[in-house]
Amino acid sequence: MPTTSQYDAQGRLRHLLTLQDMPRDTLTALLDRAQHFAEGHDARHVLAGTAICTLFFEPSTRTRLSFQRAAQRLGADVLAFDASTSSTTKGETALDTLKNIEAMGVRGFVIRHKDDGAVAELAAAANPGTALLNAGDGRSAHPTQGLLDMLTLRQAKGADFSTLKIAIIGDIKHSRVARSDLHALRVLGATHIRACGPASLLPDDGTLDGCHVTHDFDEALDGADVVMMLRLQRERMEQGLVSSLEDYHRDYGLSVQRLKRATADAVVMHPGPMNRGVEIDDAVADGSQSLILKQVNNGVAARMAVLEALLG
Amino acid sequence: MPTTSQYDAQGRLRHLLTLQDMPRDTLTALLDRAQHFAEGHDARHVLAGTAICTLFFEPSTRTRLSFQRAAQRLGADVLAFDASTSSTTKGETALDTLKNIEAMGVRGFVIRHKDDGAVAELAAAANPGTALLNAGDGRSAHPTQGLLDMLTLRQAKGADFSTLKIAIIGDIKHSRVARSDLHALRVLGATHIRACGPASLLPDDGTLDGCHVTHDFDEALDGADVVMMLRLQRERMEQGLVSSLEDYHRDYGLSVQRLKRATADAVVMHPGPMNRGVEIDDAVADGSQSLILKQVNNGVAARMAVLEALLG
Amino acid sequence: MPTTSQYDAQGRLRHLLTLQDMPRDTLTALLDRAQHFAEGHDARHVLAGTAICTLFFEPSTRTRLSFQRAAQRLGADVLAFDASTSSTTKGETALDTLKNIEAMGVRGFVIRHKDDGAVAELAAAANPGTALLNAGDGRSAHPTQGLLDMLTLRQAKGADFSTLKIAIIGDIKHSRVARSDLHALRVLGATHIRACGPASLLPDDGTLDGCHVTHDFDEALDGADVVMMLRLQRERMEQGLVSSLEDYHRDYGLSVQRLKRATADAVVMHPGPMNRGVEIDDAVADGSQSLILKQVNNGVAARMAVLEALLG
Numbered sequence: 001m002p003t004t005s006q007y008d009a010q011g012r013l014r015h016l017l018t019l020q021d022m023p024r025d026t027l028t029a030l031l032d033r034a035q036h037f038a039e040g041h042d043a044r045h046v047l048a049g050t051a052i053c054t055l056f057f058e059p060s061t062r063t064r065l066s067f068q069r070a071a072q073r074l075g076a077d078v079l080a081f082d083a084s085t086s087s088t089t090k091g092e093t094a095l096d097t098l099k100n101i102e103a104m105g106v107r108g109f110v111i112r113h114k115d116d117g118a119v120a121e122l123a124a125a126a127n128p129g130t131a132l133l134n135a136g137d138g139r140s141a142h143p144t145q146g147l148l149d150m151l152t153l154r155q156a157k158g159a160d161f162s163t164l165k166i167a168i169i170g171d172i173k174h175s176r177v178a179r180s181d182l183h184a185l186r187v188l189g190a191t192h193i194r195a196c197g198p199a200s201l202l203p204d205d206g207t208l209d210g211c212h213v214t215h216d217f218d219e220a221l222d223g224a225d226v227v228m229m230l231r232l233q234r235e236r237m238e239q240g241l242v243s244s245l246e247d248y249h250r251d252y253g254l255s256v257q258r259l260k261r262a263t264a265d266a267v268v269m270h271p272g273p274m275n276r277g278v279e280i281d282d283a284v285a286d287g288s289q290s291l292i293l294k295q296v297n298n299g300v301a302a303r304m305a306v307l308e309a310l311l312g
Numbered sequence: 001m002p003t004t005s006q007y008d009a010q011g012r013l014r015h016l017l018t019l020q021d022m023p024r025d026t027l028t029a030l031l032d033r034a035q036h037f038a039e040g041h042d043a044r045h046v047l048a049g050t051a052i053c054t055l056f057f058e059p060s061t062r063t064r065l066s067f068q069r070a071a072q073r074l075g076a077d078v079l080a081f082d083a084s085t086s087s088t089t090k091g092e093t094a095l096d097t098l099k100n101i102e103a104m105g106v107r108g109f110v111i112r113h114k115d116d117g118a119v120a121e122l123a124a125a126a127n128p129g130t131a132l133l134n135a136g137d138g139r140s141a142h143p144t145q146g147l148l149d150m151l152t153l154r155q156a157k158g159a160d161f162s163t164l165k166i167a168i169i170g171d172i173k174h175s176r177v178a179r180s181d182l183h184a185l186r187v188l189g190a191t192h193i194r195a196c197g198p199a200s201l202l203p204d205d206g207t208l209d210g211c212h213v214t215h216d217f218d219e220a221l222d223g224a225d226v227v228m229m230l231r232l233q234r235e236r237m238e239q240g241l242v243s244s245l246e247d248y249h250r251d252y253g254l255s256v257q258r259l260k261r262a263t264a265d266a267v268v269m270h271p272g273p274m275n276r277g278v279e280i281d282d283a284v285a286d287g288s289q290s291l292i293l294k295q296v297n298n299g300v301a302a303r304m305a306v307l308e309a310l311l312g
Numbered sequence: 001m002p003t004t005s006q007y008d009a010q011g012r013l014r015h016l017l018t019l020q021d022m023p024r025d026t027l028t029a030l031l032d033r034a035q036h037f038a039e040g041h042d043a044r045h046v047l048a049g050t051a052i053c054t055l056f057f058e059p060s061t062r063t064r065l066s067f068q069r070a071a072q073r074l075g076a077d078v079l080a081f082d083a084s085t086s087s088t089t090k091g092e093t094a095l096d097t098l099k100n101i102e103a104m105g106v107r108g109f110v111i112r113h114k115d116d117g118a119v120a121e122l123a124a125a126a127n128p129g130t131a132l133l134n135a136g137d138g139r140s141a142h143p144t145q146g147l148l149d150m151l152t153l154r155q156a157k158g159a160d161f162s163t164l165k166i167a168i169i170g171d172i173k174h175s176r177v178a179r180s181d182l183h184a185l186r187v188l189g190a191t192h193i194r195a196c197g198p199a200s201l202l203p204d205d206g207t208l209d210g211c212h213v214t215h216d217f218d219e220a221l222d223g224a225d226v227v228m229m230l231r232l233q234r235e236r237m238e239q240g241l242v243s244s245l246e247d248y249h250r251d252y253g254l255s256v257q258r259l260k261r262a263t264a265d266a267v268v269m270h271p272g273p274m275n276r277g278v279e280i281d282d283a284v285a286d287g288s289q290s291l292i293l294k295q296v297n298n299g300v301a302a303r304m305a306v307l308e309a310l311l312g
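Protein chains in written order, with full-length UniProt numbering: chain A, 1 to 312; chain B, 1 to 312; chain C, 1 to 312.
No lab work stands behind these hints: they were computed from the structure. Among the hints, a few may not be true.
Identical copies look the same in the list; a pair holds intra-copy or inter-copy alike.
[As the list claims (entries may be wrong)] Below, computed lysine-lysine pairings styled on BS3-like, alpha-carbon distance capped at 25 angstroms:
1) K157 / K99
2) K114 / K260
3) K114 / K157
4) K157 / K294
5) K294 / K99
One chain only, chain A, in its complex shape:
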């Protein structure tokens, strides 16, 4: 992975590639601005006349729509390029695609790619005035998801994360969401983080350094203030990493009963889309402790804050 910094010489954010080791002030400023937008304020002048392209080498309709809505509320012009289905780019490199659309006068790129570090690699080749937003690269990072999760958590539990007991449950190994959440939680001072899942789905690459790691869901939930559930990709079964959806649900599915182990005012989060009946039960997903739709709502605001910071 190239070592392109996402900051300029003055320490200002130039791209958003990761939340890892982001200066706390920078992260907090983004959250403050996101909170402003979450309160319903539009700012159509901020990016009026500015072109933004959603450049998805891996499809994701929901993330794309969230970015598109954010761009609209800032007055930007949006172009969409679904590189996962485009036949015209056969044989063309991701870099040539980027440079071409950049040459059309597009200043901001929202990029998803299946490879770790792919967005950073593209950022290294972008023109000085161009900003790239990582909308998910491989297992590495999904920084706007991390931001929206922190915004949601701060709204629910206040800005002091130091005493919160936070449980992250499921397929952490393959999850860029989990990684960006962990990056952000550390920057914001969280210290009681529990990571839980079957051994086959927990990473051993340093991702969980400083976390309490367990395979026992009940232990992870015990007295937790925040329960962050992760989506179980069905391909994990085909890969032999999970024996069956039924077994997974029995061991790591969040039911109303199980949630009672957490604190009475514990909140439940999930990045979506949910596999209802697998990692989460309907009664929890739609229950009073669920923040899942609030997360989606905050996603637009968080993305507005990033777009404004990079391009405004």
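Assemble chains B and C onto chain A, guided by the hints.
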């Protein structure tokens, strides 16, 4: 099908699910406003800043474009979600998809779904400030098509439908267009409605109550003022409901010769897309009595009227 | 091919179908205006409220995005219809599709089609107020590519083309880009045009009248001021027109070494997308003599000029 009312406690339209039993004043007010928009007036302030999503679980490019153009002329921001091809929503319910996009701040949804009642079911779960527009559900209803057909008819024949002889020809059984047209015609006082097609393509579920039903195309056309042709889906042959396209054309295809049975100033309508040479001949489709492109033109205006009524 | 003129009775451009035999004043005026837009000027009032549809019967994401960006900078509303994937138009003719979208109030159409003359055929059936832009039809023409290439050439080499030695290299036979470049070069007074490629890829239909034709790449490059490379479609191998990519690269691939045969300040152009390592080497494509990204940049400006001329 849930019994969600499309009206609020004050009787105002909250969603548009069907034209069935719509109060005549409500329907007429929509047509009056549609006429205003059909005269070329835009109203970009009406929905400025409002987000509308076209959420199509069954593809239909033309209906989607018509709604998109309507939304543009009202100044709305449009998001498009082709749920029929999205791989990201695999395993996600239509309801979760709706609730997620709603959580992004989208206030209006234009929804097409293959199942009868699917849009009403989603409407029952929408937030108070959210409006759903049925852009076609199963065989049940396609209310904006009904509206645009009534607008077109009113422009051609005046507002008094009581004396008009109206023939509806073809696959009424599987047609949401025919049902919405019948709903609207009844509300507006039409009494001379003839329904015609092969027995295999006529419904026996009450849809045709009060209509004169015949399998004889010549009889249906005799002295008719309005001839509404329906599209013959090719799958009806595979299902054995029609023996061949040639037979269908011989029995129920509208030719110049056949049209002479109607009044000299009879008008011909078709919801499109046409199977030229099957249910309608080129010379009729493109002839002076055809209102087919006028229908398409009025479609944008009718959809503007509905969007304004629900979201303005 | 119908003989629909692209000019009205007063000689003003009504459609843009081809650059062939375009009056030099008309072409120069488009280039002058494109130059204005290339300098960064937007003109959001010019097409405010005007609807433009990109109607692609053959997919091309990059050309579509370029037109979309051009339309945005002129303030137009854009509708996109990918007719190559739409299932709703099965069995519908291109003409019915056009007439329907036209009936929705769309005034401008950007059309790509695989058949020679298809856009001219549609133009013959368009309403008086409707303008069609050929975004590529068969092997015939791709006039906005011709315009952007002329704009790029004029910026690099000045407006007098009469003394320029211009080499066009590769699959000219199947190239609408080459044809539109040749049309425009002749109108603008270029006289030293060399056409080079294997015999199987050179046309014998009059396209190259007046050009110096050779199969020897070195001869074509010798002292050239401008080198226009063409994309080699991989299907040419399957068709047996080219023996292998390796052979093609050896005979007609532009390397740094080979480029030295041209003048020291020769410029290199390519319409994209490139097959790197086949018709062009990385070091040339990304080198200081390459105008390839400048072409893309000028594409938006050239398309703005055409949209303004036809619809403004």
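- Item | Violations among the numbered hints, reported as their numbers in ascending order | When the structure is compared with the hints, numbers 2, 3 turn out to be violated.
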